[in-house]
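J.: Numbering (my numbering), first residue to last: 163 to 900.
Calculated directly from the structure, the hints in this document are not laboratory data.
Please note that a few of the clues may not be correct.
[To be verified] Using 27 Å as the maximum straight-line C-alpha spacing, the simulated DSSO-like pairs for lysine-lysine come out as follows: (1) Lys781 with Lys749; (2) Lys462 with Lys477; (3) Lys749 with Lys734; (4) Lys426 with Lys269; (5) Lys307 with Lys329; (6) Lys403 with Lys334; (7) Lys462 with Lys476; (8) Lys384 with Lys269; (9) Lys315 with Lys329; (10) Lys822 with Lys476; (11) Lys858 with Lys749; (12) Lys362 with Lys329; (13) Lys886 with Lys858; (14) Lys477 with Lys858; (15) Lys848 with Lys734; (16) Lys858 with Lys362; (17) Lys886 with Lys749; (18) Lys228 with Lys386; (19) Lys462 with Lys432; (20) Lys780 with Lys886; (21) Lys315 with Lys348; (22) Lys507 with Lys820; (23) Lys781 with Lys858; (24) Lys329 with Lys340; (25) Lys780 with Lys822; (26) Lys559 with Lys462; (27) Lys340 with Lys228; (28) Lys426 with Lys315; (29) Lys355 with Lys784; (30) Lys477 with Lys467; (31) Lys455 with Lys605; (32) Lys529 with Lys427; (33) Lys822 with Lys507; (34) Lys476 with Lys507; (35) Lys822 with Lys848; (36) Lys403 with Lys781; (37) Lys780 with Lys848.
[What the hints assert, rightly or not] Using C-beta positions, here's what the derived DEER-type ranges look like: (38) Ser226 with Ile324: 19 to 27 Å; (39) Ser622 with Pro751: 32 to 40 Å; (40) Leu750 with Glu808: 56 to 64 Å.
Since we're looking at a predicted model, the values are computed, not measured.
Glycine included, every Cβ here is placed at the ideal spot set by N, Cα and C.
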Amino acid sequence: MAEMNEKGLARRKFLKRTGWAAVGVTFVGVAFVGASDGPLLPVMPFSDPPAADEGKFWLQLLPSGKVRFFCPRAEMGQGITIGLSQVVGQELNLNPEDIENVYPSTKEIPPVALTVGSESMQNFFKPVAYGAAYLREALRSIAAKQAGVEISKLVDGDAAFILPGGKTISYKELANGKPVLLDEDKAFPDDLKIYNLDPKRAAGRKQQNWGRAAMEDIVTGKMKYSRDVIIEGMLYGRVIKPDAIGGQLADADIARAQKLPGVKKVFVDKDRNCVGIVCDNPFVLDEVTQAVKVNWEVEKPFSQKAMDATLDVKKYLDADDFEHVLVEHGEFGGDSQDGSGALSKRYQTSFVAHAAIEPRGAVAWVKDDSAEIWGASQSVHFVRDRIAQLTGISDDKVVVHAHRLGGGFGGRVLCQAAEEAAFLSQQVNAPVRVQWTREEEFKYNHVQPPFDHMIDATVSENGLITHWRDSFTTAPIIFTSAILPGHIQFLADFTQEDGSPRGAQPTYKIPNLLVRYSDIRIPLVTSAWRGLGAAPNTFAIESMIDELAVLSGLDPFELRLMNLGNNHARLKKVIETVREMSLLKQKLPANHGRGIACAIYKETPVAVVVEVHADPAKKTLKVTQAWIAQDCGRVINADQVRAQAEGNLVWGLSYALKEKGSLENGGIAMQNFHQYPLARMSDIPKTHIELVENFKNPPIGAGESVIAPTPAAIANAIFAATGKRIRRLPILPEDIFS
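Please work from the sequences and hints to get the whole structure.
T.: So, in structure tokens, the structure goes:
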């Protein structure tokens, strides 16, 4: 297995793999004047951010004059390919049609960090900009040499340079029939000029419609997803797994299934706790699955009641027993009780699914000493290493081809379908497709765990929060059984992960503050979900802040602003901006209310105001309008950032009002959208977005920030409309109108 700090492919090996070695390549640099017995440890995703010079690996000038950009991030609808290609275009003076965006396979670029955590623009803006700028100046050097002029005399043109006298020399001419790659041995010069850091230049190409080509491919069906992959001789497989959590295969009757038409192989594997099916067409898989009779044994079915009892925060409060202290300063003199200036309230959320529109699928072709995978993942190199470990094949002999994801949200870091396809391919010595059904997606994918908060807080007569104790329980989100085998999970319990407590530390200046929690392992497999713990934790915090504002008789905006003290100037700015946008003081119709909530998600401050209409006659709730103010630093593509804000708002609404996981018969109860409703188009409010841009700040994450405060803003708006305080998600009509 390769070292996890592996950065690369030796350049000649890289060229051979990408097909350029055979046709000849021009290397360029810039010389500026003056300048079975599985391993003990599991495979873990590569997570190191890239160095500034790694952009060299991701760019090629093609003989056609176009620039090929191997986008180092997984594209799952967040538009990062558009944003980063725009960075390339800015540096190289290219229009969208001049750039060929590629979702690279593991043989085409060295390992990069998995695509998670709203980190793509924040961590990859600089290396992409530097790599593209370096290529531009390398081409300028070639052009100056060919034209016999001083390099300083060349002026930028569109995909070209303009020579003294007005003649242009295009990138295509500079390529001279050969691809041009950057020489990895050449260091970036100290005086390399980065156009993306120049406010005047950066504004120039923002008006281009950088997303049009991808959008046309999506709406016309031309966009290729992993389910569109067809390999000659491909078979179709399925792995039957237990419906009940913790179920163990006792025995199985496969005799009838083996005789059905189209069946290539049906087999029982007790070591892997499954039954494998391989057929020559996908349309018989359901019939064959039904013909297999499996006897699963469950020692003690895990029930909803058992999970609720395991995560009951009051039990841990009574024992004064919490595993982790996130922050502690000042003194907290015992429990607060409801009364003058003090509140003690409980806030709870359900476990929820990723519910991506595209069920996962993959094709695998495992041979004796090599393997190829076609699938969609948030980290193709992680999938590569998992497949290498599963098959016993060296990782440099495993190639994973990347595809656009139909939604990821943390649920596609692992590609279970790829592992199942590889497992089945080994059994039949042929390429095998595994395509999960919607039911499998709900039953076997990982979930966001429930959260159970108890917050004790005290506010002074002048509205300053003096004491805050937040005690909560949940389950791990990062170091979970989804990745860690049982024999080392206990080691992870000694660490404090960043998943479950994300967003749990209040942004407010509170002199006496304690935040503690326990992340208890439960049989339900949990993992990352959009924003990790930020949405449930912010729901608890911002709901309590609103309750303190009511208790103190203060405007909810004013209480928030005054308790930020002299800190968080950017958060104050977005709160003030959203207040101006929403005109909160205007008189509303009866049964209408507006609520505010705010958060800082990974350095991005955001504030959300929503308006709701609670109709007591119809017993319906409608979110009618929403206002969002967000500061994610320098904005590369405002349209994409707004789209992310809108998407997060809709998911936050869905999380607050619709989505609820439940257990039944020892397993996950919901199997399709009729049992797990999501927000629909008719639920989406009129939305107003203001991006509070500061060009001096680098780009930071915008992919998850708005989901954090949205549920609390909705709950606070419901209180304003009805006087009913809701402290449990999802908020159902009976919670409001009973």
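J.: Taking the hints in turn, state whether each one holds.
T.: Each hint tested on the structure:
no. : hint                           : result
1   : Lys781 with Lys749             : holds (23 Å)
2   : Lys462 with Lys477             : holds (22 Å)
3   : Lys749 with Lys734             : holds (24 Å)
4   : Lys426 with Lys269             : violated (32 Å)
5   : Lys307 with Lys329             : holds (15 Å)
6   : Lys403 with Lys334             : violated (54 Å)
7   : Lys462 with Lys476             : holds (24 Å)
8   : Lys384 with Lys269             : holds (24 Å)
9   : Lys315 with Lys329             : holds (12 Å)
10  : Lys822 with Lys476             : holds (22 Å)
11  : Lys858 with Lys749             : violated (38 Å)
12  : Lys362 with Lys329             : holds (25 Å)
13  : Lys886 with Lys858             : violated (43 Å)
14  : Lys477 with Lys858             : violated (48 Å)
15  : Lys848 with Lys734             : holds (24 Å)
16  : Lys858 with Lys362             : holds (13 Å)
17  : Lys886 with Lys749             : holds (20 Å)
18  : Lys228 with Lys386             : holds (21 Å)
19  : Lys462 with Lys432             : holds (20 Å)
20  : Lys780 with Lys886             : holds (17 Å)
21  : Lys315 with Lys348             : holds (24 Å)
22  : Lys507 with Lys820             : holds (23 Å)
23  : Lys781 with Lys858             : violated (49 Å)
24  : Lys329 with Lys340             : holds (23 Å)
25  : Lys780 with Lys822             : holds (23 Å)
26  : Lys559 with Lys462             : violated (42 Å)
27  : Lys340 with Lys228             : holds (12 Å)
28  : Lys426 with Lys315             : violated (69 Å)
29  : Lys355 with Lys784             : violated (51 Å)
30  : Lys477 with Lys467             : holds (14 Å)
31  : Lys455 with Lys605             : holds (19 Å)
32  : Lys529 with Lys427             : holds (18 Å)
33  : Lys822 with Lys507             : holds (21 Å)
34  : Lys476 with Lys507             : holds (11 Å)
35  : Lys822 with Lys848             : holds (25 Å)
36  : Lys403 with Lys781             : violated (41 Å)
37  : Lys780 with Lys848             : holds (21 Å)
38  : Ser226 with Ile324: 19 to 27 Å : holds (21 Å)
39  : Ser622 with Pro751: 32 to 40 Å : holds (35 Å)
40  : Leu750 with Glu808: 56 to 64 Å : violated (23 Å)
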